[in-house]
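Trainee: Turn these sequences into a full structure, and let the hints guide you.
Chains S and A, in that order, give the protein sequences.
All residue numbers for the first sequence refer to the numbering used here, where the first residue is 933 and numbers rise by one.
All residue numbers for the second sequence refer to the numbering used here, where the first residue is 3 and numbers rise by one.
These are calculated hints, taken from the structure and not from any lab test.
C-beta: ideal position from N, C-alpha, C; glycine also.
Treat the hints loosely; a few may be bogus.
[What the hints assert, rightly or not] Restraint-style ranges between C-beta atoms, simulated for each label pair: (1) A:Y72 to S:W1029: 25 to 31 Å; (2) S:Y1055 to A:K28: 44 to 50 Å; (3) S:K1168 to A:P26: 31 to 37 Å; (4) A:N75 to S:D1145: 39 to 45 Å; (5) S:F936 to A:R6: 22 to 28 Å; (6) S:E1089 to A:R49: 17 to 23 Å; (7) A:N51 to S:I1000: 21 to 27 Å.
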Amino acid sequence: MNKFYSNLLFSIVVTAVMNALDMLYHLATGWAVHLNYVAIKLTVIFLSVWMITQFIGIGKEEGIIASILGPFIFYIYYVFAGATLNREIFKIDEQFWFVFLHITLMLIAYFAAWNFVKSKQHYVRTISFIITASFFAITLDALFIMLRWRLQGIDEETAARWMTFSLILVPVASYIAGNAIGVLADNFINKKYLDRFAAAIVASVSIGLFSKDLMHAIFAFVFVNIAYYTIHSYKKGIMSKA
Amino acid sequence: MEKRGWLIQGIATGMIGSFYEFVPRKTIKSIAEFLLFDINILGHRIRHNDLILAGTILLIVSFVSFYKVYKLNAKRIKKKE
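Mentor: Here's what the structure looks like:
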């Protein structure tokens, strides 16, 4: 596998997992999440991880540096950029202490993605995979929800008000349950593509049943497959480099 | 690219990036108005936040370049030993 392609996929996965963890924290504690905010964060974190991965490498030291650089640069952007949301109504993570939270979440995301490939222990690889695949799909799902509102013409402040923890709770539980079942299917039945199919079906049916939204369920099926494809592709790339 | 190239890239992107990131819009305007890129691209007007985002990206490039220089130095020292 091409080095550029596997580095690109690895960076996309780390960025998405970090953002999903961050989004969950924000929604659970009453901080606003909206599309512009997520888009900027995705761009800055992705570029930090990808540039270090592509031009320097993947490893423990590189992971720590990327985990500090991304959130710190993002903080600098936030301090100097103009507000896109009314800060009197919405709480945004512009305080300095958020840098430390973002660094912690980046470390979790980076080392989950890295340990899935490099760890010698089976349980570490399994847990890392469930974290990586679930939270990657959660980011895609959250982007789907926010983009759909944007295309429907919902303004930013209304969308930020609608984006709540209870809204994202069903996808979170569905993707984690789906990926756990996928791992079990892989361990006990071990048939090609059965794991991703089982994970996608569980997540999709669960989201369809709870949200009563067929389009969301179809996209959930696609998101799980994208997550599986991306994670296994970068794994192949990193393994072939080693 | 060799160490020198990375170093030049780090300094250049660091300077341009810092300029757009930290210098207030008014000051940039007083230096030269064209530096604000106050134009439309495919119907999108370049705002100050876009310039700050470009500055942020340049700062990332700069930091990674310096990190690469550090890694190349460390590699050279290790080789000597």
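Trainee: Look at each hint and say if it fits the structure.
Mentor: Hints versus structure:
Distance hint for Y72 of chain A and W1029 of chain S: a CB-CB separation of about 28 Å, consistent with the stated range 25 to 31 Å. Against the hinted window of 44 to 50 Å, the Cβ-Cβ separation of Y1055 of chain S and K28 of chain A comes to about 57 Å, which falls outside the hint. Taken as a hint, the range 31 to 37 Å is violated for the pair K1168 of chain S and P26 of chain A, whose Cβ atoms sit roughly 48 Å apart. For the hinted restraint 39 to 45 Å between N75 of chain A and D1145 of chain S, the CB-CB distance of approximately 55 Å leaves it violated.
Between F936 of chain S and R6 of chain A, the C-beta spacing of about 24 Å keeps the proposed range 22 to 28 Å intact. The beta-carbon spacing between E1089 of chain S and R49 of chain A, approximately 18 Å, falls within the hinted interval of 17 to 23 Å. The hint said 21 to 27 Å for the Cβ distance between N51 of chain A and I1000 of chain S, and at roughly 24 Å that hint holds.
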